[in-house]
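Student: Residues per chain are reported as follows:
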Amino acid sequence: MKYLTAVNDQTYLIEINDDRHVVVDGKVYDIDLEAVGDQPLYSLLLDHHSFEAFVDEGDTGWLVLLRGDLYDVKVEDERAVRLAKAAGAGVVQVGDFHLKAPMPGLIVSVPVAEGQKVSKGGILVILESMKMQNELKSPRAGTVTRIKTKGGDNVEQNQVLLTIGE
Amino acid sequence: MKYLTAVNDQTYLIEINDDRHVVVDGKVYDIDLEAVGDQPLYSLLLDHHSFEAFVDEGDTGWLVLLRGDLYDVKVEDERAVRLAKAAGAGVVQVGDFHLKAPMPGLIVSVPVAEGQKVSKGGILVILESMKMQNELKSPRAGTVTRIKTKGGDNVEQNQVLLTIGE
Amino acid sequence: MVTKVLIANRGEIAVRIIRACRELGIETVAVFSEADRNAMHVRYADEAYLIGPAPSRDSYLRIDKIIDVAKRSGADAVHPGYGFLAEREEFAGACEEAGITFIGPKPSAIAAMGDKAVARATVTRAGVPVVPGTEGEGALRDDEIVAIAPHIGFPLLIKATAGGGGKGMREVHNPEELPPALAAARREAEAAFGDGNVYLEKLVTGARHIEIQIMADTHGNVVHLGERECSIQRRHQKVLEESPSPFVNDDDDLRRRMGQVACRAAAAVGYVNAGTIEFLVDRDKNFFFLEMNTRLQVEHPVTELVTGIDIVKEQIRIARGRKLSREQSEIAMTGWAIECRVNAEDPYNNFMPSTGTVSASIVPTGPGVRVDTFIYSGYTIPRYYDSLISKVICWGETRGEALLRMRRALEEYKIVGVKTNIPLHQHLLNSHRFMGGQFDTRFLEERFQMDDEGAQRPEIAAILATLAAHRRGQKAAQIVRRGDRDTSNWKWVGRYERMHR
Amino acid sequence: MVTKVLIANRGEIAVRIIRACRELGIETVAVFSEADRNAMHVRYADEAYLIGPAPSRDSYLRIDKIIDVAKRSGADAVHPGYGFLAEREEFAGACEEAGITFIGPKPSAIAAMGDKAVARATVTRAGVPVVPGTEGEGALRDDEIVAIAPHIGFPLLIKATAGGGGKGMREVHNPEELPPALAAARREAEAAFGDGNVYLEKLVTGARHIEIQIMADTHGNVVHLGERECSIQRRHQKVLEESPSPFVNDDDDLRRRMGQVACRAAAAVGYVNAGTIEFLVDRDKNFFFLEMNTRLQVEHPVTELVTGIDIVKEQIRIARGRKLSREQSEIAMTGWAIECRVNAEDPYNNFMPSTGTVSASIVPTGPGVRVDTFIYSGYTIPRYYDSLISKVICWGETRGEALLRMRRALEEYKIVGVKTNIPLHQHLLNSHRFMGGQFDTRFLEERFQMDDEGAQRPEIAAILATLAAHRRGQKAAQIVRRGDRDTSNWKWVGRYERMHR
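Chains as they are written, first to last, in our numbering: chain L, -17 to 148; chain H, -17 to 148; chain P, 17 to 517; chain Z, 17 to 517.
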């Protein structure tokens, strides 16, 4: 299997043919990967160098927490990428942003109204959890198209609170 | 449900009718029992007194390790005991003793032969595990009727090594 | 007498206090909310009583219920920990009234220091320097505060009168920001302390937050245990503390003067038991009283490690009416200690609190490492309380050794299931300015970045992610393949038929 | 130079050494057997190399493979830990030959002290008192030993010449017992050390086992770090150690004399680095040299906690050619430290070793508690190595505080999945004789019982067992009942159909 793996601005071509080796941009490494106690925590020996890292799938790719640094990694099947390119890619993804509750908690207030324009960084919702009031901000400019919560509501994690349109 | 529960020389009549109470020899206690992190480790609040203990089923009964003391506890359904008594009990259990390997290891030697008489405490097998040579002794006097292992064998836990007859 | 102590708290500090009691042969009584049945303090105490629903105001803040449990259980003393009721005059008073020893100062001292505005006025009279602000003005309305603000001058800090821990605190840089900031601060203060009163204080820039631990007994002895450096803060909450302070360091004269002023501030309110005087120290080593915390401090372990004094045991000793175990001349600081507060929050997502079940917790151990925590594998962190889940405290002969030890401890610490701010601490410990001791209270928020763009091992991360993705893909493929095999089908069919018998 | 250290060991001591290196900024290289891929030392080191199959003789005892890894990895130093190759002259020699710094004494010193019989002869010449035995006789055949035995007099001890850790040791009370005991001792010594040679020593009764930690640098300085009390033993293996010894305690003169003799013994062989001189001390405070361990000791942490000296870091310092960090006059013992060795063995079943997967490990933390371990939740303990899985070390201002702290630490320590000897330690800490410091080397085996017949809480145990049995019964009933429900059936049917599409 070949993968195109991107971290920050760099992309690696990584080939995995057996359990004991990887080929990264043509260079062969000995590897030995073990999960630690059935957790998303891994011990990797790479040419005898020992690394421990959390490796978990996030919303937009794989998250690797390694020696205190977090890497957001996109892993794609190289063949799939090639096929997609051949089919003509380049779709611009624009759409609604759904603000989800990042944790369960109590809605303190919703300082915006439906139809209101918001700028990037504008406060959308104040959510109380673990005794802290957290200001949930807009990741981009847009218009509040739908509000699905109000002050006093108890919300679950990932519950959609409101939607920002174009 | 009523249970007859024996520890050392003492037997308690324990009645459990709901999740929040037990009745021990007629005395009612408030209880709150929780397993700690999905382990055979329990937290018990008994009339607000907090106890932590390992509770696990052993070969001959329940083993309770509480504040550094081990209790071997027999729990029997009170109704079943009554029925058994009515049916006439008192069966004397005598039979073969099967020496099982208490842990995986390497058989160093078997200093007895089939047909040999052994006394209580006599060494039957020397088993090496974790760099220690462990002498497995006879729990009673008898005759070695069958030997199923020899020096140099690698044995698994609970594998029968030999049998002592009358 | 102190033979049975009720701990009116939860979390790591409840565990910390229970441990001290156990080691003194004193019985312990825990109280817990409905969210805390599986908490460690419930398991480690001799007795435990449910006192109400999860929200603090229905449980850990209910004085009546706690006093009731103390009476029912026969506890003859109460330790309040920090937070919750620790600095509530009424609570100390209710204990006194019920004939229960409150392990802390007298209600009058809590009252005098608890209203931060009154406290500033009080110590000013005792000749202790304070940062200019609205001290001595009592509780002010919004319009009064708006009117006074320009006289103190911007930038300003709004602080909760009943405050602590950065809650209900806001910075204000110009008059326009003042009204909304006041509203936010009062709202947060009301939620956190049940008291929406606030006061103003001049914002001293380039300052350090350095505090002095004091202990006072009922025989009139007051000593100080040196200073703690607490300038590493985020949203006015301490994140990392050390003792000694790298700023004070070899300046024994400054330490002695701050210590003397701290003892004087404590004496001004007839203080008894352990307390902390917080100072702002400017670049020229002028120091100003900020407030006194009339209770055990979260960061007390760094002082314990450098002085060898067990502050909680000393608190109990004082509550028993004994003399302090050491005189000022017998107290020395040996080596260096650092504490990292581990919070359940995501340092990569605006420090959002993170809750959930801890599926694994591998704690750093070995020489010079102390961990004060209450989480364990399988424990579910409730969403109702503070995000502090653990404190890692390292001692070294020198600051350098303590820093290196902390680095290895944090690298070892593996908490799975919830996000923590451990990466923040790891970045901090690699920061040259931090290593050089070059920081003030604004450092963490203004001159420090959790920027992992330049992180050193992108290739390793790429390999790890690719291997994980590859394995997941293979496992998925295997499941499909296995589904086609006969043996497996037979098993399912067997189950299906058993069910329909 | 020491910039990259290969740790020729496994388990807790490998982790301990890696931690010291990390804190000094030194790179680390782990070696591991096929049974140890998931071991903590592999995960914590910077590099890790597989060196062979699980049995020690095929991996951790393979000098050739370890030297080869040192060369391949570019390690410029080797730390041998304890056990395995730590006291093999050939290994230290092979390192020297390969130009790799051996963090320990010269091969000649290992050889002189490693043959226990030769060691006794050597120190006798230096004026150090020894227990009568076959020292100076060289390797003896069985018939020679049988002939000499009556001249020394019974009871006797057979000891392995290459020995340590109680392996290959047997007590003999009369001439008839000698031949079978010799055979057993040789067999065990051969298995453990690859050397079946043994010697005899008079068995001193009512004696204590007290040892002195020494440190010697390459500049001719030798200091001692006080004593450790190691009389609590089972089958000649230490179980619990403390420093200071309750027997020496305030007798500074005895401590000084033992320290001086220890330094003299070390000097007699040109000793460099950390080492331990073991003494037997009789009731009248006469002390006799037993043997010298030319390596780091399992129980070194108790000395670290009372002296504040990090012995492993000091070892590296010495190996770098530096002077000792402290002179004798700067070394003082503060407070009291106790270590409990936690072994994976069943104290209720003749201390049978216990292996398996650790399904949970909740480690005691908080003030004054240090844990040196290598196990974690999910780790499977291999059956090939020593049963020591953890060391709990507690410090207190007094012996009383240390004991009480150890009690609470052991009560907190929860290891699930394997049996441990923690209950043994808990019984010990409750024993009045132990608490009073009234014990000799026979105490644990002869005057101590793991008798739980009189345990205090049979009713609580009965309730717990009954509740567990009841719950299990209910759960079983529920499974049967659930099987009858439609919803559940639909789920099975759904799966069944998916599979047959």
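You may find that some hints are simply not true.
Stated by the list, open to error - Partial selection, computed: residues in chain L whose CB lies under 10 Å from chain P:
#1 Y(-15)
#2 T(-13)
#3 Q(-8)
#4 G8
#5 V10
#6 Y11
#7 Q21
#8 V63
#9 L65
#10 D78
#11 V142
Because the hints were derived from the structure by calculation, they are not lab data.
Backbone N, C-alpha and C define an ideal beta-carbon position, used for all residues, glycine too.
Student: Name the hints, by number, that the structure is in violation of.
Tutor: Hints 4, 5, 8, 9, 10, 11 not satisfied by this model.
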